[in-house]
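Asks: So the chains spell out like this:
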Amino acid sequence: MSRGKSGRPTRPSGEAFWWALFSAGGVMAAIFVPAFILATGFLLPSGDPAAAAEGAQRLAALAGWWPVKLVLLGVITLSLFHCAHRIRHTLMDVGMRRLAGFLKLPCYGGALAGTVWLALVLWGI
Amino acid sequence: MAETKTITLELFRYHPETDSEPRFQSYEVPYDEDWVVLDAINWIKDYVDGSVTHRWSCRMGVCGSCGMMVNGEPKLTCAAFLKNYYPFPIKVEPLVNFPVERDLVVDMEGFMDKLQDVKPYIIRDDVNDTSEGEYLQTPAELAQYKQYSMCINCMLCYSACPVVGHEDDFLGPAALALGHRYNKDSRDQGQSERLEVMLRSEAMWGCTFVGECTVVCPKHVDPAGAIQQAKAMGAQEYFKRFVMPKGAGATKGAGA
Amino acid sequence: MSGGQYHRPHRRAWFMERPAYIRFMIREVTSFFMAAYLIVLIVTLAKVGVGEAAAAEWLQALSTTGWKVAHAVALAATVWHTITFFAAVPQAMPIYIGEDRLPDPIAKIVMGYGPWLTATAIILWGVLR
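Residue numbers (our numbering), protein chains in the order written: chain A, 1 to 125; chain B, 1 to 256; chain C, 1 to 129.
One or more hints might be untrue.
As the list claims (entries may be wrong) - Dumping the calculated DSSO-like pairs for lysine-lysine here, alpha-carbon to alpha-carbon at most 27 angstroms:
#, chain 1, residue 1, chain 2, residue 2
1, C, 68, A, 69
2, B, 119, A, 104
3, B, 5, B, 83
4, B, 119, B, 240
5, B, 5, B, 45
6, B, 91, B, 5
7, B, 146, B, 219
8, B, 45, B, 91
9, B, 146, B, 119
10, C, 108, B, 219
11, B, 45, B, 83
12, B, 146, C, 68
It should be emphasised that the hints constitute simulated quantities derived from the structure, not laboratory data.
Between the sequences and the hints, there should be enough to build the whole structure, so can you do that?
Replies: If you want it as structure tokens, here you go:
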């Protein structure tokens, strides 16, 4: 990274790109994720095998519909990048600032891996 | 004679020619309900200890030179009334996140540098002759940036911001808000020049929206809001440049 | 030895220094819980991909107390994310009608709570119908 006489970098960086994903993901997460948790954490699970089977059926029917797949892909992917960015900056804020560059790998790399995994999963439903 | 009420001020003292470490010195000051912390410090300097060094000028929240930490909070000392602290002692320190020059005086050089980086003035491609009159602006266009133009450079926001303390490359709340103020000005054409600077790695993106800059701002500038808007503007510029590298006119003047 | 400027020492635990910093940290840490939930959600979808029997088994496992508590924590974290995110909306995206800025509560409803409640209602209707 080239630095000017003030010691600060002199060229634009890719931070804008990650921030854009973070920002879009923040909106998606705020609007959709609480309802997702209600659904898959509380409404669909059941200790009763018959009820659980019915829940699985509902979920399969929903997730098998392509508009729902698109929403899931968009919301989960962007939310993952939102979390990745925030986790990276939280770690920087608590003293890992020197690792700012390196942290991109596990954080954004993890979100990217999650995206690929999710895409494969949705493809297979 | 009636007993005069007093209040204790603990002042941060540091004289570089004799001190290697700062120390605190206590002063008993006559308590007056109408007095602000700045009045008390001036009283100390005038009547007790002339070696106390501090900055001040207008006494009315306009000049922005009397910012200090008052009981750990960044405040304009001309607006911090003794009665809000009485009868407890008041601890006064120089603004945090700045090098201390002497006693309550900090070094503003780094801040001034950052301020210059965002080019806080109107930039025009075509400068009209003065005979053509002013660049006109509607009240609605003025409303877009007016709030961000109220900054008095008191630097309280720099003391409230943890990122300023950790990240030297971060331009900081006031400078970014001022850059945004000009980016939002309908008369200005220097947006991409400024964004060129703001797009640098931690210059603006270091901000994690703690939001305390806005809370401590005596002029209700809302730097935190300005920075988030500037980020959105910067992201747009980033994608625009990605789509059109060397963008026709878009990155004009963005040398380096 | 006389010094030049005095530089305050770095404060490692700066986030404990002010209540506002602690609130900030709580907001940031919601992302750890949200990320954990998103992984569980992808696992749930993966089970659906394997087959309804596997999904039913997984949903039965998720009904245990431990998972319920974990989901309750994730829900609290995510709702906190939602609230704090919408609180920032009027600052980050002010809407002007002429010279006047749309009042903050209205901006929050139009760009935040309105869409949130609508989306939540649609999702719950989709799951429960």
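Asks: Take the hints in turn and mark each one as holding or not.
Replies: So, going through the hints one by one against the coordinates:
1. 68(C) x 69(A): Holds, at roughly 25 angstroms.
2. 119(B) x 104(A): At roughly 31 angstroms apart (the allowed maximum being 27 angstroms), residue 104(A) and residue 119(B) break the hint.
3. 5(B) x 83(B): Holds, because 12 angstroms separates the two Cα atoms, which is no more than 27 angstroms.
4. 119(B) x 240(B): Cα-Cα ~22 angstroms, so holds.
5. 5(B) x 45(B): 19 angstroms, holds
6. 91(B) x 5(B): 18 angstroms, holds
7. 146(B) x 219(B): The hint holds at about 12 angstroms.
8. 45(B) x 91(B): This hinted pair holds, its Cα atoms lying about 16 angstroms apart.
9. 146(B) x 119(B): Measuring from Cα to Cα gives roughly 17 angstroms; hence the hint holds.
10. 108(C) x 219(B): Status holds; Cα separation ~24 angstroms.
11. 45(B) x 83(B): Judged against 27 angstroms, a Cα distance of about 21 angstroms means the pair holds.
12. 146(B) x 68(C): With Cα atoms ~50 angstroms apart, residue 146(B) and residue 68(C) exceed 27 angstroms; violated.
Checked against the numbered hints above, the structure breaks hints 2, 12 and satisfies the rest.
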